[in-house]
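Numbers in my numbering are just positions in the sequence shown, counted from 1, shifted up by 7.
Honestly, the hints are just simulated from the structure, not real lab data.
Please read all numbers here as calculations on a predicted model, not as lab measurements.
Be aware that one or more of the hints could be misleading.
[Stated by the list, open to error] Cross-link-like lysine-lysine pairs, in silico, DSS-like; alpha carbons within 30 Å at most: (1) LYS173 x LYS117; (2) LYS88 x LYS117; (3) LYS88 x LYS120; (4) LYS136 x LYS117.
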Amino acid sequence: SRLAEEAELERRRLDTAMSNLPIGVCMFDEDRRLVAANSRYAEMYRLPPGALRPGVTLRDVLESHVEAGSHGDSDPEEWIKRALEVAAQIEEWRGVLPATDERTFSVIFKPLKGGGWVSTHEDVTERFKTQQEIARLGEEAEVERQRLNAAVSNMPIGLVMFDAEKRLI
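Based on the provided sequences and hints, a complete structural model is requested.
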């Protein structure tokens with residue numbers, strides 16, 4: 008049957024494409040059962056082999072996350088409850104989620120017409136750390152600016168500053 012062969016070829020192409028993505032991807036149907044997930048998703052969340060078999064329920068996948076310790080610092084039942092709430096909504100959801108091991112993931116959840124959804128997961132740990140460091144350095148610079156301003160404002164003598172072109176600052 009030519010149609011079955013074509014369907015199998017398309018399935019293999021999809022599997023190849025998904026397994027070569029640098030981000031984690033998983034797809035659930037309208038019954039909250041896993042349709043597909045790539046190996047990057049399993050690696051990111053350190054899920055055990057077999058946790059992402061097509062047909063397993065969303066709750067089963069979430070429980071695998073908890074067992075692997077990839078639910079952040081949240082109470083496991085609260086984390087599962089919140090994830091189920093996100094899955095029940097019909098609009099797109101975006102969030103940054105901390106994992107227990109100090110990694111940070113950017114997640115995008117997109118509902119599909121007819122039910123179900125696709126979610127993408129990107130490890131943004133380094134980007135997040137860099138942004139936090141930039142914010143910290145900005146706060147430090149502001150404190151130093153305030154100290155310098157206070158010192159200059161309270162000097163008992165006058166102070167004049169010029170730039171490299173001898174212009175008054």
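Status of each hint after checking the structure:
no.	hint	verdict
1	LYS173 x LYS117	violated (58 Å)
2	LYS88 x LYS117	holds (19 Å)
3	LYS88 x LYS120	holds (24 Å)
4	LYS136 x LYS117	holds (26 Å)
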